[in-house]
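Q: For reference, the chains in residue letters:
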Amino acid sequence: MGSSPQQLVDHLFRHEAGKMIAVLTRIFGIHNLELVEDTVQETFLKALQVWKFGAMPDNPSAWLMRVARNHTVDLIRRQQKFADVSTELSMRLQSETEIAIEQFFLETEIADSQLRMVFTCCHPDLNLEDQVALTLKTVSGFGVQEIAKALVSNEAAIQKRLYRAKEYIREHDVRFEIPSGFALNDRLETVYMVLYLLFNEGYNSSKADELIRYDLCAEAMRLCKLVTEHKVTAQPSGFALLSLMCFQASRFESRLGEDNTIILLHQQDRQKWDRQLIQMGYHYLNGSSTGEVLSVYHLESAIAAEHCLAPDFASTNWPAMLRLYDYLLEQKPTPIVKLNRAIILAQTAGVAAAIDTILDIPGIAGLLEQHYIYAAVLGDLYSRSGNFPEARRLLEKAYDLTPSLAEKKLLQEKMSALTV
Amino acid sequence: MKDFMLVFRGPSYEDLNFTPEQSQKAMQKWMDWIGKLSAEGRFVGGAPLTAEGKMVKGKKPLITDGPFAEGKESVGGYLIIKADSLKEASEMALGFPDFELEGTVEVREIVPMA
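Chains A and B, in that order, give the protein sequences.
When we follow the working numbering, the leftmost residue of the first sequence carries the number 1, and every step to the right adds one.
When we follow the working numbering, the leftmost residue of the second sequence carries the number 1001, and every step to the right adds one.
In short, the hints are calculated from the structure, not lab data.
Given the structure is predicted, the values throughout are model-derived calculations rather than measurements.
We put the beta carbon where it would ideally sit given N, CA and C, even for glycine.
Which residues of chain A face chain B? A partial, calculated answer using Cβ under 10 Å:
#1 Phe-13
#2 His-15
#3 Gly-141
Modelling step: build the complete structure from the supplied sequences, incorporating the hints.
A: Here's what the structure looks like:
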């Protein structure tokens, strides 16, 4: 009996749930996902019942896995009734089954099963929303309400996505495997996209509460690490994505001030940036510089690295940054990249040039009406150029468009600065 | 100090459909409570009970499956603690983590047998 309160590792159960679901799915097949989830649920119930009276095992992970394995063996024994063979053969068949099951619970096999689950959730026929929800549920052990909270959605919508995804997987007999050859590269692209989205949901969505957002970023990084650690799936782009996440995450704490106000990059206290994460970012970025592929993740990570390299905002290497954005634009000619490039352009070529670039973005009129970020950035540039009426008009529009209180607060401050 | 038995009724965790994170949080609360009692030298023992049970009663006793009205009304486990008085034992029971989940605690003094 322990003499002082014991502390469970943060998110231990979530992580163990992901592991158990992956291993059991490999044993029972992806078509039995419901059964698998129920078995995992039972395992936690059992733990809850036994541990809470002070009998926490020394190795909780091993305990959970053992209980899940015993459940599995029981379930399979019940299914395998060898009525038509001798007792001797029946016993031998059962012991062989048990040995086979045992193999799936080996540490290396667990990682393998988890990756299979990641790749299955990221099946290209599922849409991105469903991929993300299913990944959070089955790989990350999130509950429906936690997913809803993290993705700023509601439980019914998440249930629907999960149902749709599971249906598809069952009906189309999607294989629970890590693809090989060209298929692997294609699928990896989808995996990166899902992880990138997971991370950004956590990093950018100022609607969700801070804790769950942090969890989401941590989870994206954990899964990205899992992908880069397996010899078959370790690719330069994966390392680049992981390094990008590290660089971004290093600023997680310094982006928000007291009472949830947003602190812009040029005002952030760079002392608060997490050095360890920045180091890891460089480490993975180095690891990504092999092969011939220069992915968007390479470029975005290099851009993030430029920010981390500069001791303060003023000494940022803007020309280098602009070059990186030019490369990025070639691969990802989206309005948002153009907008971000314009912000850099304002530093090198001046505010007027930046405004012109933004006004040249195809469909800019509609974007300004729909997404606060365009109005906010353009409004800010107008304010710097001295065109206060236009600045006010756009900042007000941005204010109306953003659902985030933190953003509203920031925009409010900018608007009141205009009157001075 | 005397021994007291805390009898827990409910909640029925089976029906709560906890997510892994919620299970972990519930678990941590229990570990904190029991750990604290333990550290203060008040914890004697305790055990959970499984949900299934039988009822044996009647002048010509019959074994039946009930009556256990609802999961949350049946006994889910017990704890034995040391306290100076029934009052103190009851105050210690305030630390029970499952009040919010509609769990209850019955506090009874154990009669010393020697």
